[in-house]
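Asker: Quick note, the sequence shown lines up with residues 1 to 572 if you use this note's numbering.
Keep in mind the hints are simulated off the structure, nothing from the lab.
Simulated pairs of lysine-lysine, DSS-like, Cα-Cα distance not exceeding 27 Å: (1) 72 - 147; (2) 254 - 147; (3) 69 - 544.
Label pairs and their calculated CB-CB ranges: (4) 118 - 86: 20 to 26 Å; (5) 83 - 198: 30 to 36 Å; (6) 321 - 71: 31 to 37 Å; (7) 400 - 83: 52 to 58 Å; (8) 360 - 516: 40 to 46 Å; (9) 51 - 544: 23 to 29 Å; (10) 192 - 516: 32 to 38 Å; (11) 51 - 497: 27 to 33 Å; (12) 167 - 323: 35 to 41 Å; (13) 400 - 287: 49 to 55 Å; (14) 50 - 119: 30 to 36 Å; (15) 164 - 75: 27 to 33 Å.
A virtual CB, placed ideally from N, CA and C, is assigned to each residue, including glycine.
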Amino acid sequence: MHRCMLRFAEQHWQGSVRCMSSTVGKRRALRGLFPVLDLPLQPIQRHVYEANLRNSIACHKKYTEFREKVRKGGGENAISRHTQRNRKLLVSDRLKLLLDDEEFLELSPFAGLGLAYGDIPSAGCLTGIGRINGLWCVFIANDATVKGGTAYPITVKKQLRAQEIAIQNRLPCVYLVDSGGAFLPLQSEIFPDKNQGGRTFYNEAIMSAMKIPQVAVVCGSCTAGGAYIPTMAEETVMVHRIGTIFLGGPPLVKAATGEEVTPEDLGGARLHAEVSGGVDHFAWEEKEAFTYTRNIISTLNFQLPEEEEDMTKRKAEEEPLYSSEELLGLAPQSYTYSLDVKMIISRLTDGSCFQEFKARYGTTLVTGFAKIHGNLVGIVANNGELSNKAALKGTHFIQLCDQRDVPLVFLQNTAPAAPLTLSTEQAEMNSNRLKAQGSMMSAVACAAVPKITVVIGGCHGADSYAMCGRAFDPNFLFLWPNARVSMTAPGHAASLLSPDDEQEGEQKKQEEKLNRRLEEESSAFFSSGRMWDDGVILPQHTRKVLSDSLDIIKQQQYQLSAEKLRPTLLRI
1 MHRCMLRFAE QHWQGSVRCM SSTVGKRRAL RGLFPVLDLP LQPIQRHVYE
51 ANLRNSIACH KKYTEFREKV RKGGGENAIS RHTQRNRKLL VSDRLKLLLD
101 DEEFLELSPF AGLGLAYGDI PSAGCLTGIG RINGLWCVFI ANDATVKGGT
151 AYPITVKKQL RAQEIAIQNR LPCVYLVDSG GAFLPLQSEI FPDKNQGGRT
201 FYNEAIMSAM KIPQVAVVCG SCTAGGAYIP TMAEETVMVH RIGTIFLGGP
251 PLVKAATGEE VTPEDLGGAR LHAEVSGGVD HFAWEEKEAF TYTRNIISTL
301 NFQLPEEEED MTKRKAEEEP LYSSEELLGL APQSYTYSLD VKMIISRLTD
351 GSCFQEFKAR YGTTLVTGFA KIHGNLVGIV ANNGELSNKA ALKGTHFIQL
401 CDQRDVPLVF LQNTAPAAPL TLSTEQAEMN SNRLKAQGSM MSAVACAAVP
451 KITVVIGGCH GADSYAMCGR AFDPNFLFLW PNARVSMTAP GHAASLLSPD
501 DEQEGEQKKQ EEKLNRRLEE ESSAFFSSGR MWDDGVILPQ HTRKVLSDSL
551 DIIKQQQYQL SAEKLRPTLL RI
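Just need the whole structure built from these sequences, with the hints factored in.
Answerer: Structure follows, in structure tokens:
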């Protein structure tokens with residue numbers, strides 16, 4: 001009798017859970033009337049605003065130059081060879097066939113520029129997140145116009161970051177493979193270590209086990225390590241004549257055996273579709289291949305919200321009271337040119353509304369709730385030095401958002417250098433600050449909610465860790481063009497050097513040399529070239545980027561088959 005009652009109770013509970021989960025999509029968010037941040041630009045702030053605006057215009061010019069450089073890929077000759085001799089589509093044209101529209105969130109477009117081994121535009125591959133049949137998907141697309149599709153260390157780093165984003169946000173992943181294999185002179189930076197070339201294949205296996213769908217389109221050469229990407233994907237499409245998969249091409253076969261063989265006979269689409277079974281779909285041309293790919297994505301087990309729900313949500317959204325163009329004058333050219341961060345918040349949030357948390361405590365950190373395109377977020381924004389009180393306040397608020405499952409948005413503009421310890425009183429203050437910042441770092445590291453970081457000014461020292469810097473694994477991290485990323489800000493190198501009265505002249509030279517180096521290496525474009533972030537974004541585009549990022553993160557809740565654990569999908 002007791003067992004029957006237990007079984008009945010268990011069945012009733014499971015039925016309730018199923019009923020609850022089936023109605024989640026129909027629930028509406030709680031209504032709230034957050035206070036409005038009515039913060040127009042004041043006359044007293046005009047000179048700072050105009051100085052920032054001049055700096056933003058200069059940064060925008062540099063941003064445009066970099067975009068143009070990246071757009072050209074490997075140059076006119078390489079593009080001509082790719083399209084006319086090899087009869088292949090450019091990556092931009094492939095994405096037009098693959099994605100629903102031309103709008104997508106591109107990741108790290110400036111990666112590979114200004115490196116020690118030369119410029120590798122876009123690191124030799126385009127990565128980003130776009131919609132396919134309404135579903136957000138990560139794409140990793142090799143650009144064979146750049147060094148013939150050869151993989152450099154920065155190429156591998158960019159591909160791994162795209163896979164990491166797919167894993168963290170449970171996004172389907174599409175590989176457009178057109179790779180010539182690794183750049184052998186730099187093999188020591190590509191092959192042996194944990195987070196180098198082999199990690200790509202490890203990630204593919206892990207993603208498959210996590211039920212994160214992966215599709216590969218072979219629209220060019222897949223040589224050496226590149227050959228494993230399509231063979232480990234769950235479904236693969238291969239294009240006739242231009243697609244090949246082999247570990248060693250015809251020249252290696254001839255060198256080893258003396259036999260002459262064509263690429264098509266050695267590893268073409270017919271061979272792999274009809275003989276090896278290494279691919280699942282044979283396409284006569286690229287356009288057909290991308291039709292297959294879009295159809296494959298349509299078979300994924302996602303149940304997206306109805307269009308009517310999206311329309312209702314969009315109607316409920318309110319634009320900020322102030323133009324996003326004003327953010328250009330609010331982006332600080334240096335720490336001393338920072339205006340009240342609430343002015344930035346009021347130009348990002350729906351209706352410029354913001355429910356501030358602990359408004360009168362630790363005022364050098366602003367925390368509170370807001371909505372961005374209808375998505376509820378917790379905002380943590382620097383408004384001065386991260387003091388003891390500010391760090392304690394940040395810790396409390398981050399834990400609160402974690403408890404309520406509210407995503408966090410960090411607006412980072414940290415102090416240019418660590419505070420000096422010149423007295424016993426300062427030593428005590430700094431010790432308390434150290435403990436409080438340690439607590440905030442723990443809260444950030446342990447918070448299980450999505451985190452998005454935008455560096456709107458400085459990213460310096462330990463304060464940047466507490467504000468969810470790269471090391472603390474945010475879902476996305478973006479920089480404004482005016483941002484600076486370094487241990488200490490340019491002009492503050494003295495804080496890193498020990499005072500020495502006897503060698504004052506020599507120390508002055510060392511300080512000047514270090515400041516020049518900081519000036520060069522702290523630039524947002526220097527950072528993005530080395531992939532210390534997910535891309536440089538213009539201030540006026542921040543609201544759109546945050547909205548897309550939040551929608552992308554939210555999509556995983558619509559996957560119906562995510563809970564069921566299965567072993568890795570293995571090929572024939």
